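Taken in sequence, the protein lines are chains A and F.
Going left to right, the first sequence walks through residues 1 to 466 as this note's numbering numbers them.
Going left to right, the second sequence walks through residues 1 to 372 as this note's numbering numbers them.
Rather than coming from a laboratory, the hints here were simulated on the basis of the structure.
Keep in mind that this is a model prediction, so the values were computed, not measured.
Don't be surprised by glycine CBs; every beta carbon is placed ideally from N, CA and C.
Do not take every clue at face value.
Label pairs and their computed distance ranges (CB to CB) [unchecked claim]:
id : chain 1 : residue 1 : chain 2 : residue 2 : range
1  : F       : ARG143    : A       : ARG277    : 52 to 60 Å
2  : F       : MET199    : A       : ASN405    : 52 to 60 Å
3  : F       : THR284    : A       : VAL270    : 47 to 55 Å
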Amino acid sequence: MKKTLTFFHTFQTLMTTGKTPYIFTSVYLVLTTLLVYIFPQQQFFFLLFLVSAWFIYSLPMSRNFKLGLGIVVALFIVPVLGVRNIFYFEVIFQICIFAALALGLNIVVGFTGLLNLGYVAFYAVGAYLWAFFGSQQAYLLHVIPGTAPANTPFLLPPDAFYLFIPLGMIAAAVVGVLLGLPVLRVRGDYLAIVTLGFGEVIRVLANNLDKPVNLTNGPQGITPIQRPTLPQPVMDGINAMLYPLIGRYATLDEFYNMFFYVIALVIIIVIIAVIIRLDDSKIGRAWAAIREDELAAAAMGINVVNYKLLAFAVGAACAGTMGVLLAASRTFISPESFSFMQSIGVLSMVILGGLGSIPGVILGAAVVVVLNLQILQGLSLWLSSLRQSGGVIPVINFAWSSLSNQLDPAQYQRMIFGLILILMMIYRQEGLIPAKRRMRGLEQPVIEDENATPQGDKPEANHGAA
Amino acid sequence: MLAFIIGSGTVLSLIIVVLAFLLRGSPIDQAAVAKNGTDIMRYTVDNLPQVLIDGVTLGFVYATIALGYTMVYGVLEFINFAHSEIFAIGAFVGVEFLIALNNAGVLAGASVLASYGWMVVAILAAMAASGLVAVTVERIAYRPLRNAPRLVPLISAIGVSFFLQDAIRLVESLTTGEFHRIIPSFGNFDDRIPLFNAMIGVFPIKIDMGVKSLWVIVAAVLMLLALNYIVNLTKLGKAIRSVAQNQPVSSLMGINVNQIISLTFFIGGSLGGAAGVLYALKFTRIDPYVGFFPGLKAFTAAVVGGIGNLTGALLGGIVLGMLETFAGAYLSLFTMGAAGAEYKDILAFAILILVLIFRPSGLLGEQVGQKA
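Taking the hints into account, I'd like the entire structure generated from these sequences.
Here is the structure:
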């Protein structure tokens, strides 16, 4: 045992000193990229490739090298691999969407300490906003769902999408403030239930607002929703680059995948930048103060209600923006996409990654999405192939074919979310990557800190002094 | 209590009848005539007795679930989010038990009395199972977090709730191949008892009540009486109330606090389990996610009545059951189909928000502190 530990320690020092991390990361990246490129159907290699992002983030390398590598991966390698296997684009796009949602929810739950269980409601607001204005729905207000006449015109030109990204953001923020005004006076655990109720209200409305006026097309959902037009010269340019790499031209759908992926990436970078700035400002410290002790914060002159409203609005804005993007990229939305389960899914990403930690929640989003899309579905496929293979487990003499068809891991997302929440709460409340600003509320009593070594860094002290 | 039920029922009925009276001759009335063949006044009055009975039945189901929330909240100040799944587990245990009996041929020729006896056994089995699950959940997922900040056990409870939903589904689908179950029809549970049949003025009024509804109400009332006896008149109840007031002092007085908390979870959970069987009896069909809405509404009921207060939970349950049934029956009629019965689910949340804003302590609750 001790020997393994020493070995691990040597390995760790080796990995964190000198040129080794540079060489290791580059070699790892090149190797996994080649593996995915050569075997596009092997999902395991894609998982290995995704891990390279973690190395780029965590190993000690110069900032510029990390940035350069990140840009190469994001703008060059991912699109090529995504064209090799379109499923990988879906995984990465969903990671982006949920990372943005988790970042937004993190403001509300992680920074301000308000448990919001109806977060996808804001996502729905953004999505339905573009779905309504970017489809034919405005001309179908008095038409029963499912009986839309052919060649109904679209209300707006497809490029209005760009306008609706900020509009979706504003609309969701307004809804967040309108919800927050009456609700934020309620105490912490009640707030959770009330926001849960609000999330359900939005879903029920989306389901039932096909009468008296057909706004949402009811449970059938709205389709087709327009996508912005892509400029032909840019597509030609990319094709000229892609052709030698993949041996064919990319299809229009693949271009749309790339397009929405890049937009999602840009939005996430903007969100991260805004959140980092907010967190380091007076506002971020006010949020942290409210989270740690609301009464004390109010006594220090912080306008508790206003700052809570701001947190709600900023969090909602993130979700609203992503909602617009979702509606455009899917060209179809229905109330099912905005269920309570989705809210809990986003919450489990935030909890898994670490409340209040920006890299943490992105990691959480990636892990949960990969778990749902790749690992669970992979298990399902594996089990069904075992069933068909007619094999038998030798010792207990159990025929795979007698395994129930109902045992389909892809159907058990709730169980995964539930397990994440329970296990993280019991064993690691600070998450996989704990936040830099320590959450006193989630830790053992402060008395233990006095025994800690004096030179141990206490980030909260810096913030307290500022 | 009885006065409250009659009072709230009367007030709601009066409101509805007055509304119907005011709307005579309006376009809404004409739409109702076109749809039902009777004018709005007549339709309203004809349906009223049935709606009232359904409302009270549903109200007692909610009240029984709400007691589980309110007992745990009273002792630990913590929303047991997983209570709705404890309820679902009770429903499944009871229904599976009855299905097994039915398959064994026990229920087919059973006399009325015997079928009632089996129903009681099913409810008791569900109570035992739900109570045990509730205690286990407390032991595993809540007790390690008892001294943590408030949101931590709540998040853990949400996790338990989601985990249990899929756990029920997994067990059900592996053992039976499907996860929707339907309670077998046996005994005279599908019969209706005529209560009143006469002419009042020109209106022929006919009121009857399903045996199921009667069962739900009687069983719920019996359990509430038993709970009242335990909490208020036994030594055990005294210990529970003591722990609710002050844990350290209770333990100084020689009360085993952990044991009492486990017991509270057992009592609350078993009430939830019994409510599950009653719910299955009334609505026939259950699935692993069946607990979600009743759980939320029962929680709302607990808040409306004043969380932590047992009588309050009962009153809140009745109010919510009544309002929901009235909304389900009349909303569509009074809005010409614009707002259908689907909106009755929203009603509970609207009430919850209004109560929390204007009277956070609920109908009967004590004032709660500001500190979260």
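Worksheet item: Can you name, in rising order, the numbers of the hints this structure does not satisfy?
Response: Violated: hint 1 alone.
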